[in-house]
Amino acid sequence: MSENSEVGGGRSMSVTRGFDWCDLAIERGLARGAAAVEAFYLESRSVEVMVEKNDIHVPKGDRYSGIGLRVLMASDDGFKQGFASTNLLTAESIDSALAAAMAIAEASPADPARCLAQPDRGAAGVEPVEGLYDEGIAGMDLAGAMKQAGAFLEGALGYDGRVTVDSAMFRAEVSEKTVANSNGVRLSQHKTVASTQGIAFAVDGDRVSSFDLGVAESCALGQVDAFGVGRDLARRVVAALDARSAPSFRGKVLLTPYAALELVLEPIAYSCNAEIVQTGRSKWKGMLGKQVASPMVSVVDDPGIPQASGSTAFDREGVPARRLELVTGGVLQDYLYNCYTARRDGRESNGRASGNDAGLPGVSTTNMVLSPGKHSLEQLIAQCDRGLIVNRFSGGVDPASGDFSGVVKGGHYVEGGVVAYPVKEMMIAGNIYELLTQVVGLSDELWVLGAYRLPHILLDGCSITGK
Amino acid sequence: MIEVFKSVLRGVDGYAEIRYHKRVTTIIEARNGTLAKAEQRTLAGAAVRCLIDGCWGFVSTSDVTESGLCSALADAIDGAAAAARIKKERAKLAPARMGEGEFVYYERGSEPSIAEKIARVLEAEERLRSRSELIVGSVVRYTHYDDEKYIVNTDGAAAHIVDSKQSIHVFATAGRDGKLETDVKAWGVTGSWQALMEKGDLDQMVDRAAQGAIEKLDAGYAPGGQYTVILDPGLVGVLSHEAIGHTVEADFVLAGSIAKGKIGQRVASELVTMVDDGNVPGAAGMVLVDDEGVQGERTVLIENGVLRAYLHNRESAAMLGAAPRGNARAFTYRDEPLIRMTNTFILPGKDDLKAMISEVEDGFFLSGLGQGGQADSDAEFMFSVGQAWRIRDGRLCEPVKGVTISGQAFEVLSSVDAVSSGFKLDMGAGHCGKWQPAKVDAGGPYLRCRVTIGGRQDEREQ
Chain A
1 MSENSEVGGG RSMSVTRGFD WCDLAIERGL ARGAAAVEAF YLESRSVEVM
51 VEKNDIHVPK GDRYSGIGLR VLMASDDGFK QGFASTNLLT AESIDSALAA
101 AMAIAEASPA DPARCLAQPD RGAAGVEPVE GLYDEGIAGM DLAGAMKQAG
151 AFLEGALGYD GRVTVDSAMF RAEVSEKTVA NSNGVRLSQH KTVASTQGIA
201 FAVDGDRVSS FDLGVAESCA LGQVDAFGVG RDLARRVVAA LDARSAPSFR
251 GKVLLTPYAA LELVLEPIAY SCNAEIVQTG RSKWKGMLGK QVASPMVSVV
301 DDPGIPQASG STAFDREGVP ARRLELVTGG VLQDYLYNCY TARRDGRESN
351 GRASGNDAGL PGVSTTNMVL SPGKHSLEQL IAQCDRGLIV NRFSGGVDPA
401 SGDFSGVVKG GHYVEGGVVA YPVKEMMIAG NIYELLTQVV GLSDELWVLG
451 AYRLPHILLD GCSITGK
Chain B
468 MIEVFKSVLR GVDGYAEIRY HKRVTTIIEA RNGTLAKAEQ RTLAGAAVRC
518 LIDGCWGFVS TSDVTESGLC SALADAIDGA AAAARIKKER AKLAPARMGE
568 GEFVYYERGS EPSIAEKIAR VLEAEERLRS RSELIVGSVV RYTHYDDEKY
618 IVNTDGAAAH IVDSKQSIHV FATAGRDGKL ETDVKAWGVT GSWQALMEKG
668 DLDQMVDRAA QGAIEKLDAG YAPGGQYTVI LDPGLVGVLS HEAIGHTVEA
718 DFVLAGSIAK GKIGQRVASE LVTMVDDGNV PGAAGMVLVD DEGVQGERTV
768 LIENGVLRAY LHNRESAAML GAAPRGNARA FTYRDEPLIR MTNTFILPGK
818 DDLKAMISEV EDGFFLSGLG QGGQADSDAE FMFSVGQAWR IRDGRLCEPV
868 KGVTISGQAF EVLSSVDAVS SGFKLDMGAG HCGKWQPAKV DAGGPYLRCR
918 VTIGGRQDER EQ
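Sequence lines, in order, name chains A and B. The first sequence begins at 1 in our numbering and counts up one residue at a time. The second sequence begins at 468 in our numbering and counts up one residue at a time.
Hints listed in this document are in silico derivations from the structure and should not be mistaken for laboratory results. Fair warning: there could be bad hints in the mix.
[Said to hold, decoys possible] Straight-line alpha carbon distances no greater than 20 Å define the calculated DMTMM-like cross-link-like pairs of lysine to aspartate or glutamate that follow:
id	chain 1	residue 1	chain 2	residue 2
1	B	LYS729	A	ASP206
2	B	LYS489	B	GLU600
3	A	LYS290	A	ASP334
4	B	LYS555	A	GLU52
5	B	LYS555	A	GLU48
6	B	LYS489	A	GLU92
7	B	LYS489	A	ASP95
8	B	LYS489	B	GLU593
Based on the provided sequences and hints, a complete structural model is requested.
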């Protein structure tokens, strides 16, 4: 076996503990007759403070460690796969989990694409990501988390007395993930993540605004401005108080990053997911190299962004994760793969296996980035003779067909290139894959919403139903 | 285990509870001819929660030895003390009927082996694929939560709970000429594999999902506007749970939801009586003892159109002078109990479904939830509909797709003018999300009411 590889900083947890449990599981799994064994160990410690109804609610502490075990059994037609996990870390419970995994494998059909990752022998190897570990987060206690939650409240409630923070939280987590398999993969990474999010609304007499939300998340404490998130959220719900109806029309819609995340980036992530493509649910099956969106649209998935919450040096299976262009100039460049989906397509994984110790690896993005455009937000608004700014979308998006329909929350009606008034009871409907070809503008800034980065998006040809 | 927990809690100055929860989750998923997932997870540990000087502290740990629990209790008390320095409001707990003894939620029989379950899921997925060449995506997913809990608190709870919640989802995707359409059939129970298979015939559900997806390929879009509609029990469940139920959860009420101050007021047609009841045998939201140790009882939320009660945990019940009835729920040991629904439904009426349809001149018959939806604190909601048919001159006509319904839930319930005698709980497959998931069920009779249909603007260009 190769040497242990620890990727990234981190001093507070013992790396050997993770490798010890993984080694024990691999050894015992092979002894039970498995052809290959993968062990994924996760240890974490978190503090979290909840806010409810404008007040501190419950401070929470959690210590967790658990292990997920995947076994492959050889057969004439490939490998049979089984998986079991446990957070009871004793030799007996690992044996019992292995027995469950072997029973599942025996009952499962063989599949020639089942496989585990091979150790990376490339020139680059596994490259550590900068800024994944922050002592300020790792060492935070409940009192520290409480101070941050208090800052969120101050930011929101200090803006306007009509604001109610329905619920909010601040969370700090330090974790170690270790993945090892019988092919010789042995990797470990420490990471910290601080996050804050809240849901608020404003009440003024009989007038109640719709709910709105604010989020921030990063591996670096300095990037999570709890006060600022609360303040911005308060500003938006107060602005939505005097909402009224607007007429129906078909035309331009300006999505804020919050709305665009759900309406644009999530469907793109769905359609680029090789699991979805291979199961026939992706609109972009067979579209590699083809124009799927307006030439303005470029999307990358980048696990190497310093301090970003979705960053990682390697994926759930131990495959190095590197920057991946998904859509460039509107042309589909690649899909997201783990080892299984890659082998089914006769290629190598691009390091997008997702998940943790509690389940089999899936496929997902890391940090998804939609490149900004060249116009300011004000210039985009000025382009709308008649349009609707969608602050948040509340409704259904069918990522398979792309059809969406829902209510606009915190929206504003635009007339003659200026924001006219906030709206309520407006619905928008359309097909997101068709609208992607009708992107007519992107703002020049990049909002960070957790593991997503994106600008405002101006779409044309959207159905808008008012009263 | 109960004696160990009592020993740890002895001498606590204030309220404290220990909730041990071991969950074995089994998931089997067949997808497009492969076994995409077959896994078993064990998650076990204890949550220690205390209320000191009116402030909560909560620590979860997988170390359930006496020393591990003592250490978690000490940390929880420290957390509560830290909160006491900045928290404004102080919590009190309402008295409640505590659970003591054994609570077994279902008839335990011999459960099929994992190999037999895998074989059945694979067989169903193969059947789905073989329905038509138009089926391009096929998923059958089985989920089982096998739960054991011990709940002990300083107010007298000492309950041992054995629970089993199982569900099936069938997703069919039909495709033609670059168009893709999906239909979902899903159901769930509290009970055994046998109970799950009795609630829904797997082969029949597979056939219906395939047919539903294929029909949508040829279906047109609905023109938007206000219509008279018939909602099926699935959508009545969605409306009851999502649009009404959340607004009467006491934490939302205290935060200013639309239901605040409306107890005793008319909020719906007098034909409407809605309850939340954890005691419905076999329903997926069954809760006999909640995660604060409180025994479950039926709550009448709306009685003949009049709002009667909210849903509570012990803290909100103390604030609003109500009795807690078993609505404090936590998904795993790592989660704190929140105010949640259990089984939420409208009671059946006296009308005949066929007669209800025959009286609609121009409207829609709407069935099941589609891709999802959302409701707000003001009871404004928007849901996508799974399947929809046009009603013209009292007759069911062509299917339509892409339908969403929206409105203000209390206004919609006020517009109800017919309630069927047929009744079903039909929302037990999935989870309700509110910071953490919860297994719930919901349903009711068929309702005739007025809603806004959101369709494509193409047909109503202005």
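What are the numbers of the hints the structure violates, in ascending order?
Hints 2, 8 contradicted; others consistent.
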